[in-house]
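With the hints as constraints, model all of the structure from the sequences given.
2 protein chains.
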Amino acid sequence: GASSAAAPCVRAVVQQCMSAQLMVQPSTPEDQPQFVEIQRGIIIYLCFLRGATKAHVEKLAKMIQGIRLSEGDSGKLTSVIDLPGDVMIIPQATLGGTPKGKVMQYHKNIAKDEGMRLYSEFVSIFQKTYERNDKCLSAGTIVRYGTYGNRQVFSCQTNGPFTHLMEI
Amino acid sequence: GASSAAAPCVRAVVQQCMSAQLMVQPSTPEDQPQFVEIQRGIIIYLCFLRGATKAHVEKLAKMIQGIRLSEGDSGKLTSVIDLPGDVMIIPQATLGGTPKGKVMQYHKNIAKDEGMRLYSEFVSIFQKTYERNDKCLSAGTIVRYGTYGNRQVFSCQTNGPFTHLMEI
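Here the protein sequences come in this chain order: C and G. In terms of our numbering, the numbers along the first sequence are unbroken and rise by one, the last being 600. In terms of our numbering, the numbers along the second sequence are unbroken and rise by one, the last being 600.
Zero decoy hints are in this set.
Cβ-to-Cβ under 7 Å is the rule here; a few derived chain C residues that face chain G: (1) Arg500; (2) Gln524; (3) Gln584; (4) Thr590; (5) Asn591; (6) Pro593; (7) Phe594; (8) Thr595.
DSBU-like cross-link-like pairs, simulated, lysine-lysine; straight-line CA separation at most 35 Å: (9) Lys540(C) / Lys494(G); (10) Lys534(C) / Lys567(G); (11) Lys532(G) / Lys567(C); (12) Lys486(C) / Lys534(G); (13) Lys534(C) / Lys560(G); (14) Lys544(C) / Lys532(G); (15) Lys544(C) / Lys534(G); (16) Lys540(C) / Lys508(G); (17) Lys486(C) / Lys540(G); (18) Lys534(C) / Lys508(G).
Which chain G residues stay away from chain C? Per the calculated CB distances, all over 12 Å, these: (19) Gln464; (20) Ala487; (21) Ser506; (22) Glu546; (23) Ser552; (24) Glu553; (25) Lys567; (26) Ala571.
Just so you know, the hints here were simulated from the structure itself, not pulled from any lab data. For every residue, glycine included, the Cβ atom is placed at its ideal position computed from N, Cα and C.
This is the structure in structure tokens:
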């Protein structure tokens, strides 16, 4: 209904990719920066808003796992699990912003500690699914994710990002 | 209000980038594929929904041009025009999708010919602004865009995409 559309609790932007790279540890005087990488699959930008609960997170994770957003080799749409494809999960608090004059405001975003907990939950659901799914196991598909609250230095290569907005 | 939030007419996803490449002409037996490229600036994924008018397009273009979404060299946020930064505009009808069971539905999307007209309008507003702005002219910043209705083969490199959703 209109009220749920007007006030989502979790917002995700989902894109197809052929590969993607995400920095998970900036460089230090001693060490090079560290990156995680995926091959063909999906990128999930994730933002938690006030009122988000574990139930919202479970519902969104299940929705993204099952919905046919990925183009298979034949061109037919399939779920990322059936592809099977890799998954890159990127925390993106900026997705909760609302324009106010010349600036974005983030009043609707959840508190950082709550967001971190829900983010870990979302990542964990994907990891468990991928660890238990025969297709994912035999194809060796992977789940990678960024560190909550940090800058997400990121690159991707797509064959058409096929961008979708998913809200719960 | 709730009704405008529930039924946007134009939806955009805006990201910062350090560079981005978009295919505008697939390869043919005679020719290599053709790409357009931008350097530091913003990527705008754009989708028109039923009810979208030229007035919505103008409002959104002005909003994206003026809002402080881009990180300047000092780390301070500034508008893409004041950065000044390049702009890549990508048609993305999939952003109008609504999940229904295991598939996305696109009933809310505008008809293709209307979408194409509004898309050209949006691109034209950015081109005119960039042609007339002294900062953009002296920095040589550019506006690049994809071909409406085609697959948007796309890559980007970011220093943190800083993803925002903008709806009118």
